[in-house]
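Participant: Residue numbers (the working numbering), protein chains in the order written: chain H, 1 to 615; chain B, 1001 to 1351.
Because the hints were derived from the structure by calculation, they are not lab data.
A few of these clues could be false.
[As the list claims (entries may be wrong)] Here are the simulated DSS-like pairs of lysine-lysine, each with C-alpha atoms no more than 30 Å apart in a straight line:
#  : chain 1 : residue 1 : chain 2 : residue 2
1  : H       : K170      : B       : K1015
2  : B       : K1345     : H       : K172
3  : H       : K253      : B       : K1300
4  : H       : K447      : B       : K1345
5  : H       : K447      : B       : K1015
6  : B       : K1345     : H       : K252
7  : B       : K1345     : H       : K174
8  : H       : K262      : B       : K1345
9  : B       : K1029     : H       : K411
10 : H       : K203      : B       : K1345
Residues per chain are reported as follows:
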Amino acid sequence: MSDKKPISSVNDFVVRFANVNGSGSASANEMFARAILRHGVPVSPRNIFPSNIQGLPTWYEVRVTEDGHLGARGGVDMMVAMNPQTWDKDVAGIEPGGYLFYDSTKPMPSTKFRDDITVIGVPLTAITNSTYTDPRQRQLFKNIIYLGALSALLDMDPKLIEQLIGEQYKGKEKLLSSNVHALHLGRDWALQNLKCPIGLRVKKSDKVGDRIFIEGNSAAALGAVYGGATVCAWYPITPSSSVAEAFTAHCKKFRHDPETGKAKYAIVQGEDELASIGIVIGASWNGARAFTATSGPGISLMTEFIGLSYFAEIPAVIMNIQRAGPSTGMPTRTQQCDIIACAYASHGDTKHVLLFPEDPAEAFEFAAAAFDLAERLQTTIFLMLDLDIGMNHRLCRPLKWDDAKQYDRGKVMTAEMLDEGRDFGRYLDVDGDGIPYRTYPGTHPTKGSYFTRGTSRDRYARYSEEGSVYADNMQRLVRKFETAQDLVPRPLQANAERPTKYGVIYFGSTSPAMDEAIGLLEARGHQLDRLRIRAFPFHSSVASFLAEHDFVYVVEQNRDSQLRQLIVNENGIDPVRLVPIVHYDGTPITARYIAKAIGDHQDHLKVTPLRKAVS
Amino acid sequence: MTYIAKPKFHHPGLKKNELGYTHRDYEGKISTLCAGCGHDSITASIIEACYELSIEPHRVAKISGIGCSSKTPDYFLGNSHGFNSVHGRMPSVLTGANLANRDLIYLGVSGDGDSASIGFGQFAHSIRRGVNMTYIVENNGVYGLTKGQFSATADRGSKSKKGVTNTDNAIDLVAIALQLGATFVARSFSGDKSQLVPLIAAAIGHTGASFIDVISPCIAFNNHAGSTKSFDYVREHNDAVNRLDVLVGRDPIAVDYAPGTVQVVEQHDGSKIALRKIDADYDPHDRLGAQTFLARHAAKGQIVTGLLYVDPDAEDLHSHLNTVETPLNSLEADTLCPGSAALDKFNASLR
Ligand SMILES: Cc1ncc(C[n+]2csc(CCOP(=O)(O)OP(=O)(O)O)c2C)c(N)n1
Ligand code: SF4
């Protein structure tokens, strides 16, 4: 019935599973992605889920990509349509020539299908019902049965899936064998009744290498363990809750004293975000490494304390897993929309350090580094993830740690130093870098104690509302922020093959889509130098990059081009030279989107005199 | 305005405690509160209690929110680290500090505005978590620092200095603390040193969440004509007293009365409060009994003072969390970091 040639592609396609939330499909779908990885073929999966627990639609998309493009691609080659509620939209979303996989137990009118796609029906309900009587088993095994059928259709090696099932149910023999059985039920039915394989195929390859498959939130939480965090206070909020949950799990594994069984950490689920950041600030003031994880609404609540951290100079680490705002916005959709809110969080003149990891590997590194930075700079450090990296599995380089590394506890004056007669002024800029010394409470019976407050004080921490004293302190904070420029991760530049006067700036989770977009743009004849910003304050190389290019695109996932605003604000650059490329519908930005937006603009620049083009 | 440091001169004849410290070693900066403010009397009692306990001053961390009451940690234990955090959020900061180093003594000082309004949640949660601390609320029924608005502990029907009648019900922090499972609950009066000093000392000695509500008259904002209870209305009710800077100080109110008796105390505005000191044979180990005792006397318009409840076997948050004995802030990379070999294994599990 197909009037468009079916898509034929090996190791390069997108499969999307449409399920009903709560149907237990998540683990089968994830196993599908992992099974492809075991074939040596990179995948990039994405969860698209509602901010609800039961009943609503949920999608899981697997981009199979031998070329290793880890950004979202857009478009669906095969839809596994398991949700009657979203059927029409799901069917409509299939690329011409694509495939529709569905449960054919109940007959459907022909109007429910499309002529330009291949329809594959498997009577999943019938097969499950004839094998299982327990309703929960029926629901769960149906997912494994479709996984089995897909393995036949896509020419996957069932051994590799069996292996995965074996690892998952290690020690639980009954579950293991029943899952393998269900897998083969589906697989055998497909082999006997359908034309297998179809045009989409998985062929063994060696493109995965030693890369690992991990969620950004879990990696960031492990970074906190390696970075020496001992206190975590948090309040549940999507998409950040899994940071604290993963930190708890990692600590259970790595942080119990083998002799006493006691915990070398403290985790408190605060009553809200105010308490969580308060606990972090109290713990850090007292010399422990502490962090909280939250999302936009939590940041809003924390801002008063963030101002205190800035002004009273108390270390704090906040992992902000961004989601679409403002307000409750779209809790389960991704954006990079808290840049301004975090950079200038709180009232008065404040500036904060932001770190922008591109993937789980960097989330791990930057999370660990955040604690060094927080103590070195005695201020809040934001680790800016987003839902797309935080809650999705990403293929990334293995996590690495240098065992020689010691923690940088920053400028802490000890009892010995005080006894040597060193001049202790809590807010004295002894080294000219804007960073003063602090003492931990309880250090010395007679020396080094001081009063911490958010109210203005002099260099010796004595309360003062003198204008000159206040200004002196505020100036030092500016110096400290300048010092931060050279301590935070530097931007990474990649130049086009030929010299070009066009550049592009991007950051965070946009990275894989950007890498792919560059190829698409080159194919359209556009050359661009790239700069991936990894932190705020901006390193001087950002200013040089801007100076070296006539026009620089700033690609980001928010409406108001917030990074661009920050660059304009901090670098005093003519805004006309920074062209915003924004994407903010809550889905991850794709290479296709970036390439089109920049490509169209470039075409326009080429045919129009420059000044006109931008007026 | 800058702070005036106290002269460092120590009289050689000053009495010393077990550690050889004198009273002076427990003092702080000179108070900038209004002369006669009840909060200063509480400061004096804290100094006295710490002196008597022979605490090393620098082993105390004193943490507060924002308000006149929250300023007081600057006026005692000058050799301790203090932290004047943000309004109402002392409990979380203290909780964090306590988690970082279980070896110090944590003294939380707050006001009734700080704890019963903006910080009501934090007050409740720090108590229910059993943070090992001495949490003192200096309760004057008004917002002192912001000049006289009602706090949530103000009685229904009472009048503010501006003549506004309070129509909201009052929160009794002691009743709440008992309900939330505080393992040491007491109430006292700022002027009753003989009762307050031992209560503070006992609270410091207690492992777990200790809460003391201290009634503490505000000279500036209950120095006005109350509705029915006022005395010398004419003398007090003049323009001059509306301006804080020319406020005439009063002697702090002091009381001393026997267990089992009721003492009526006249505040600066002439309003009266009836303090009822619990009997010597009162059983402070019965939480339910304490709650009914409190409620019964509250119905009679009496404010019960004394140690209302204590659980001598209480555990604190650290034991709930099963944390190591070593303070968390002193652990370094060698014990905290699992190292590269563990990471390699972890990587392998993700392929
Ligand atoms: C977020 C915030 N809101 C309001 C204030 C203003 N404020 C400062 S102190 C205070 C009330 C203090 O009252 P209380 O805690 O009863 O202490 P008192 O001054 O009576 O001792 C208020 C509302 C503030 N500092 N911060
Ligand atoms: S305003 Fe009231 S609470 Fe504040 S210092 Fe004066 S008397 Fe004390």
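Participant: Can you name, in rising order, the numbers of the hints this structure does not satisfy?
Facilitator: Per hint list: 1, 3, 4 violated.
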